[in-house]
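Student: Below, each chain spelled out in residue letters.
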Amino acid sequence: MSQPPRIEVENLTVTFGEGRRHVVAVDRVSFRVEPGESYGLVGESGSGKSTVLRAICGLAPIEGGRVLIDGQNLTGARSRAFTRQVQMVFQDPYGSLHPRHTIDRILSEPLSIHGFQGRDQRITQALEDVGLDPAFRFRLPHQLSGGQRQRIAIARALILEPTVLLLDEPTSALDASIQAEILNLLTRLRREKQLTYLFVSHDLAVIDHMCDRLLVMRGGKAVEEMTDGALASRDVDSDYTRALMKASEGFVRPGAA
Amino acid sequence: MSAPLLSVRDLTVTFDTRRGPFEAVRGVSFDVGRERVGIVGESGSGKSMTGRAILGLVRPPGRVGASRLTFDGTELPGLPERQMRTIRGRRISMVMQDPRYSLNPVMTVGRQIAEALRVHGRPSRAEIRKRSLDMLAEVQIRDPERVLTAYPHELSGGMGQRVMIAMMLVTQPELLIADEPTSALDVTVQLEVLRILDDLVRRRGMGLIFISHDLRLVSTFCDRVLVMYRGRIVEEIKASLLHQAQHPYTQGLLNCLPRIGGGHEALPTLQRQDAWNDA
Amino acid sequence: MSQAHTTPPTLREWLSTDTPRSRFQARSIAIWNAWRTLSSNGLAMLGLAIIVVLVLMALFAPWIATHEPNAQNLTGRLNPPGWEGHLLGTDELGRDIFSRIVFGARVTLYIVALVAVTAPVFGLIVGTVAGTMGGWTDRVLMRMTDIFLAFPRLILALAFVAALGPGIFNAVLAIALTAWPAYARVARAETLTVRRSDYIAAARLQGASTFRIITGHVMPMCLSSVIVRVTLDMAGIILTAAGLGFLGLGAQPPQAEWGAMISTGRQYLLSHWWVATIPGIAILTVSLGFNLLGDALRDVLDPRAATK
Numbered sequence: 001m002s003q004p005p006r007i008e009v010e011n012l013t014v015t016f017g018e019g020r021r022h023v024v025a026v027d028r029v030s031f032r033v034e035p036g037e038s039y040g041l042v043g044e045s046g047s048g049k050s051t052v053l054r055a056i057c058g059l060a061p062i063e064g065g066r067v068l069i070d071g072q073n074l075t076g077a078r079s080r081a082f083t084r085q086v087q088m089v090f091q092d093p094y095g096s097l098h099p100r101h102t103i104d105r106i107l108s109e110p111l112s113i114h115g116f117q118g119r120d121q122r123i124t125q126a127l128e129d130v131g132l133d134p135a136f137r138f139r140l141p142h143q144l145s146g147g148q149r150q151r152i153a154i155a156r157a158l159i160l161e162p163t164v165l166l167l168d169e170p171t172s173a174l175d176a177s178i179q180a181e182i183l184n185l186l187t188r189l190r191r192e193k194q195l196t197y198l199f200v201s202h203d204l205a206v207i208d209h210m211c212d213r214l215l216v217m218r219g220g221k222a223v224e225e226m227t228d229g230a231l232a233s234r235d236v237d238s239d240y241t242r243a244l245m246k247a248s249e250g251f252v253r254p255g256a257a
Numbered sequence: 001m002s003a004p005l006l007s008v009r010d011l012t013v014t015f016d017t018r019r020g021p022f023e024a025v026r027g028v029s030f031d032v033g034r035e036r037v038g039i040v041g042e043s044g045s046g047k048s049m050t051g052r053a054i055l056g057l058v059r060p061p062g063r064v065g066a067s068r069l070t071f072d073g074t075e076l077p078g079l080p081e082r083q084m085r086t087i088r089g090r091r092i093s094m095v096m097q098d099p100r101y102s103l104n105p106v107m108t109v110g111r112q113i114a115e116a117l118r119v120h121g122r123p124s125r126a127e128i129r130k131r132s133l134d135m136l137a138e139v140q141i142r143d144p145e146r147v148l149t150a151y152p153h154e155l156s157g158g159m160g161q162r163v164m165i166a167m168m169l170v171t172q173p174e175l176l177i178a179d180e181p182t183s184a185l186d187v188t189v190q191l192e193v194l195r196i197l198d199d200l201v202r203r204r205g206m207g208l209i210f211i212s213h214d215l216r217l218v219s220t221f222c223d224r225v226l227v228m229y230r231g232r233i234v235e236e237i238k239a240s241l242l243h244q245a246q247h248p249y250t251q252g253l254l255n256c257l258p259r260i261g262g263g264h265e266a267l268p269t270l271q272r273q274d275a276w277n278d279a
Numbered sequence: 001m002s003q004a005h006t007t008p009p010t011l012r013e014w015l016s017t018d019t020p021r022s023r024f025q026a027r028s029i030a031i032w033n034a035w036r037t038l039s040s041n042g043l044a045m046l047g048l049a050i051i052v053v054l055v056l057m058a059l060f061a062p063w064i065a066t067h068e069p070n071a072q073n074l075t076g077r078l079n080p081p082g083w084e085g086h087l088l089g090t091d092e093l094g095r096d097i098f099s100r101i102v103f104g105a106r107v108t109l110y111i112v113a114l115v116a117v118t119a120p121v122f123g124l125i126v127g128t129v130a131g132t133m134g135g136w137t138d139r140v141l142m143r144m145t146d147i148f149l150a151f152p153r154l155i156l157a158l159a160f161v162a163a164l165g166p167g168i169f170n171a172v173l174a175i176a177l178t179a180w181p182a183y184a185r186v187a188r189a190e191t192l193t194v195r196r197s198d199y200i201a202a203a204r205l206q207g208a209s210t211f212r213i214i215t216g217h218v219m220p221m222c223l224s225s226v227i228v229r230v231t232l233d234m235a236g237i238i239l240t241a242a243g244l245g246f247l248g249l250g251a252q253p254p255q256a257e258w259g260a261m262i263s264t265g266r267q268y269l270l271s272h273w274w275v276a277t278i279p280g281i282a283i284l285t286v287s288l289g290f291n292l293l294g295d296a297l298r299d300v301l302d303p304r305a306a307t308k
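Protein chains in written order, with the numbering used here: chain W, 1 to 257; chain P, 1 to 279; chain C, 1 to 308.
So here's chain W without its partners, still in its complex pose (with noise of 0.2 Å):
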């Protein structure tokens, strides 16, 4: 038989809150994502899509379904060996790097808790790797502006060399300019590294650029999934999808058409 998916979501439940209050926040969603493939998620705020990533890597609650990586199901804390396979990026720059501690510091924890020797050789080649200057290494975060935080917070994900990348909205903070930088940098270290990549965003065009394939997400629901051809040819089934495809493109002016 041929090798496992690297990432299988089998009707993945997560809720949260009880009572009065319950939600469910994601329904019933299954997905397999092969080795070295990207794959995306898109969807608007609630649509359970940033949720998914979470609960991958344990931060929300599996409520029914399974998680799968290459074929070993996630069940109770993550182990430490699951946190050298699969890392991930957050959206907020501004938010998912410690205020008081140094990009040498940030880069380094990692390290020091896995044990990894050469650690300065290897925090400087993390720092090339991303396109920054190893002068950087002892910035505090805010001393750098939104894009090189992101490409920090890149490079501490990859310091570990998962083979899993979970991308929560990694542009959607930045501007134009620098979210095409940083979508380049995630490409060109996707093939350098034989990384696979689980694609979240907001953003149509953006996950049209980076992934093979995609899932649209609403209201904690899939909707449906297609290929990047298919979304071009606009080869889509569901009135969401074409909602939001047309949203992408800017606004029309009624009865300007």
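Worth flagging that the hints you see were computed from the coordinates, not collected in a lab.
Since we're looking at a predicted model, the values are computed, not measured.
Ideal Cβ positions, reconstructed from N, Cα and C, are used throughout, including at glycine.
Fair warning: there could be bad hints in the mix.
Derived pair list, reagent style SDA-like, types lysine to any residue, alpha-carbon separation capped at 25 Å [unchecked claim]:
#	chain 1	residue 1	chain 2	residue 2
1	P	Lys238	W	Gly250
2	W	Lys246	P	Arg216
3	P	Lys238	P	Leu103
Quick list of the computed label-pair ranges, beta carbon to beta carbon [as the list claims (entries may be wrong)]:
#	chain 1	residue 1	chain 2	residue 2	range
4	W	Gly115	C	Ala189	31 to 41 Å
5	P	Arg129	W	Ser238	40 to 50 Å
6	W	Ser238	C	Thr193	38 to 48 Å
7	C	Thr10	P	Phe22	20 to 30 Å
8	C	Glu13	P	Phe22	18 to 28 Å
9	C	Met133	P	Gly27	55 to 65 Å
10	C	Thr193	P	Ser183	20 to 30 Å
11	C	Thr193	P	His153	12 to 22 Å
12	C	Glu13	P	Glu154	51 to 61 Å
13	P	Tyr151	C	Arg196	23 to 33 Å
14	P	Asp223	W	Gln3	31 to 41 Å
15	C	Thr10	P	Ser156	51 to 61 Å
16	P	Phe22	W	Pro4	52 to 62 Å
Starting from the structure of chain W, add chains P and C where the hints point.
Tutor: Just chains P and C now, kept in the frame of chain W:
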């Protein structure tokens, strides 16, 4: 063209920092008539500061300077605060980015709209109610009676922003400054809010300054676009002709956006040049 | 500027570069910037000066004091300031008040230092652990804190001293035992805002243990609010210590302690005002010093201000 509604010449906004004065806006000049003008730029380009400076909302230590800043023939700087308040709100209004922060969380929507109405004149209770309901209906809120008694946290983001627009337009201003009015909203909601804004501006013949980072949105929504870079306007262009933009910065901003069906090739990135600083 | 650019940077340049080359330099720059902010605040400098004077006075007490603090001179009782070389006069046993104030600074500093290294540390640990772990740990720890908070500080301290016996060390212990709940509360409140942040999630994702998250990530964020709170509380701690001394439950005679000095001097307040008033002024000045410094530290250390 007749005399413009708003005329700005050599506008500067300066902040004194530990490392010396920092100019957030460096000599910006433009006119706005009864039309939709977009101001586009990335963070730090001074686009929001420009909007605030027009309304005299730059807080110290920021300083505003201009060789001309007139609204409908009245010179705005040096106007007594009282008169400035009359202009602000009644004749020029401003919609901010996030309704969660710009609406008062402990006041019902009805009271906040009433407050906006009461600042200018003394309408009766019945009149306030009628005008509020009409205005909410105009921003296409289906259940205006209920929204009037609701608190901001009981509204969704799109609803909140519509309430904000209603509040700003209920005094029938001649010029609306909208600073990223839809950036906090989902794309589908965003278009709905823009449609309402577009309809109101057109029907009332208002002037609109639309400040945004989203070139694609601005180019489809506005008549004219001012592109700002590091506190200066580097290019002014008709929105429909944006694809023929001359300035490399504008071109770069347009090209670096991924598009559906654009393939997976590397996106062109902006190579910033020092020469643009003095454009 | 015309010098060769190969010369090593001056200390000032080394401290103001925005590209530090080592951990040590990064740390030095952070401290230097905090100091610059602090030193631009006149009132903070006044507060710091008061505290420095207190420390110097305590360190060099035998050299500063003009007389032996406990030497009695029953013929020279209750003399006004300036009498026969007694700078601030003498008390009811003819002891030199100035010298007793100088030696009393040692006691005050001892109390301040001992409380400062016990109560906030304990409070910080309880607060951050409760805030980070949540659930039952949080509930148990916080109810304990509430119980301690429910008693007025001086009354609880009184009860402790009464149980442990009078003396400075027991007084300090009593104060520390009554002071920690406030720090636990502050630390927990800060922890709750930090706990949900992405950088804590990122640390978890890297396999960091709860211990590492608490000590390495949560505590640095809570530390500044606790430090500020401690400096602001110092005045209250000095007053409580003085209060215990005043009630005879702190320092025991003949040891010079400001609160005890007021206590004995109060009998002569109307006829010989200086005996009680001068230690009172000393307490007031030191309390003021800590308050001024604490106020300024809040501006310097506030993590929210640091991001701007």
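Student: State the violated hints by number, sorted upward, taking the hints as numbered earlier in the document.
Tutor: 3 and 14
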